[in-house]
Structures are given as C-alpha cells and as structure tokens.
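Engineer: Go by the hints and put chain C onto chain F.
First to last, the sequence lines map onto chains F and C. For the first sequence, position 50 matches number 50 in our numbering, and the numbering has no gaps at all. For the second sequence, position 17 matches number 17 in our numbering, and the numbering has no gaps at all.
It is possible that part of the hints are untrue.
Straight-line alpha carbon distances no greater than 27 angstroms define the calculated DSS-like cross-link-like pairs of lysine-lysine that follow [unchecked claim]:
{"no.": "1", "chain 1": "C", "residue 1": "K44", "chain 2": "F", "residue 2": "K66"}
{"no.": "2", "chain 1": "F", "residue 1": "K136", "chain 2": "F", "residue 2": "K78"}
{"no.": "3", "chain 1": "C", "residue 1": "K44", "chain 2": "F", "residue 2": "K84"}
Don't read these hints as lab results, they were simulated from the structure.
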Amino acid sequence: MRNVAIAFLTGFLFSIGLGISGMTKPEKVQGFLDIFGNWDPSLLFTIAGAIFVYAIVFRISKKFHKPFFAPEYFVPTKRELDPKLLGGSTLFGFGWGLSGYCPAPAIVAAGGGVTPVLAFLFSMLLGMWFFSITDKRYFSKK
Amino acid sequence: MIDTYFLPLLGGLLIGFAASLLLLFNGKIFGVSGIVGGVISPQKGETAWKIAALVGLILGGLLMGLLRFDAFSSLPAPPMPILVASGLLVGFGSRLGNGCTSGHGVCGVARYSPRSITATALFTVAGMLSVLLIRNFGW
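So that you can see chain F by itself, here it is in the shape it has in the complex (with noise of 0.2 angstroms):
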C-alpha cells in the first residue's frame, strides 16, 4: 500500500513538473526539435534540471543496501546495444516529432481536458498492444 501511495506521488508531481516546464504543450517540444527552423531552447532547462536531481539522487541511493519501502532496487543492468533499442528508439522519436507528445504529457494533457490528444494515446495504446503480439511471435525467440 505504501509503494502505491509513493506510485501516485510520483505521478502527481511528475505531471506538475510536466505542467510548469512547458512539455505538456506540443508546440513547445516541436519548438526544442526545431532545431533547423525556430529553435526554442528552453526545454534544455528542462532535460537538464531532471537529470541533474536525478543523477544526484541515484548517486546517494546507491549508499542505502535497498530502497526505503521495497526489498531491494529495480533497476535494469543490461548496457548492450541491440537491433530492438536502436529501431525503436528511432520508430518512437519520429512519431514523437510528428505531434509533439510523447506517452507522460499525453496523460498529463488528457487529464487537463484536451480532448484531440485521446486520439494519440487511443493509438498509443494500439501501438503498445501491437507489439506486445509481435514480441511474443517474433523477437522473444531469437
């Protein structure tokens, strides 16, 4: 019950976090992408604040032999490159420039009442299922 509460703490805060920053706008994270046209910086400030307290974070979390509330960290450990991460990735970042909205702020905007959004998490979510049928007969074998 506790790790639930700290589940929902963590997506209450991260969606004003979202909010202040400027991410649940689209415009804005097309503007940071524009990088070739009418570049918008600002999100910089963004990417950079949240690595920096988290970086910090995960620094001091490694002194604690386990977190406060669990049996200990999950946290992947996996460092090799492989075909899936580098086509995903890729496949994800082009239909991230396509709308501006990537999975955290599309929640965040649906739940702010911005209706034409649940049409990209409605895809999202076909998306998501999709693979979960693909991975089973496909890339779980090899």
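Structural biologist: Same frame as chain F, but now just chain C:
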C-alpha cells in the same frame, strides 16, 4: 525570461525529484511507456503501483486544467491522421526500444546507462527529422 528559462528549469527539477521518490522508496524506474505497457500486459504484483502512477499523472493534469494553469496548448491540434500515426509509432517504438522520454531520457541518462544514452540520442535526432519534415511539407 521567466517563461523561457526559469519555469522550464523549475519543472525539470520537480520532474527529477518525482522520479527520485520512486527510486528511493520503491526501487523502481519511472518509465511511463513501460508503466502503460505493464498495465496492458500485466505482471503479478506490478499492476497496482503502475495504475496509481497513471492516476497521479491524470489527476495532476486535471488539477492544472481546473486551476486554469497555463499548461496546455491553445493552438489547434494536428490533423487526426498525424495524431494516429504519431500515437502508433510512439506506442510501438517505445515498447520495442524499452523506454521513452522519462525512462531513457531522464532516469537512464542520469544513471549513465549506455543503452539509454544511445536511445535518447536516437529519438531526439529522429524527432528533429520528423519536425523538419513537418515544417517543410506541412501537415
């Protein structure tokens, strides 16, 4: 000035702080594509916290909407085919590549994970290319 630098930085610090809570208390990475994917394909004992995180995101958005906080676009949305294509690519690609802007871009890069740093570089460049295409050929 405040809008350009201070608020984006403040928001970023809060984003980092929020993701840190999940790491310090629950030992988990805050990766939203993985969280949504985990709700679609549930694993035992992993569903309740994922749903709670999503509810938190939605309620944060709801609160900002109700308070008329300037967080959401006032511009017309992209046309439906673009929203659908974007959603399909984001959904499929983030699951195939094991993460999105939150899991790879924030948590992974801050852990100096070679996979996440590569993923973040790739999806940023791919995003720049798709914006370049949109700007030149329109919707």
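Engineer: Indicate, hint by hint, whether the structure satisfies it.
Structural biologist: Here is how each hint holds up against the structure:
Note on K44/C and K66/F: the hinted pairing holds, with a Cα-Cα distance of about 21 angstroms set against a maximum of 27 angstroms. This hinted pair checks out: K136/F and K78/F have alpha carbons roughly 20 angstroms apart, not beyond 27 angstroms. Of the pairs offered as hints, the one joining K44/C and K84/F holds, with about 25 angstroms between alpha carbons and a cut-off of 27 angstroms not exceeded.
Comparing the model with each numbered hint stated earlier shows that all of them hold.
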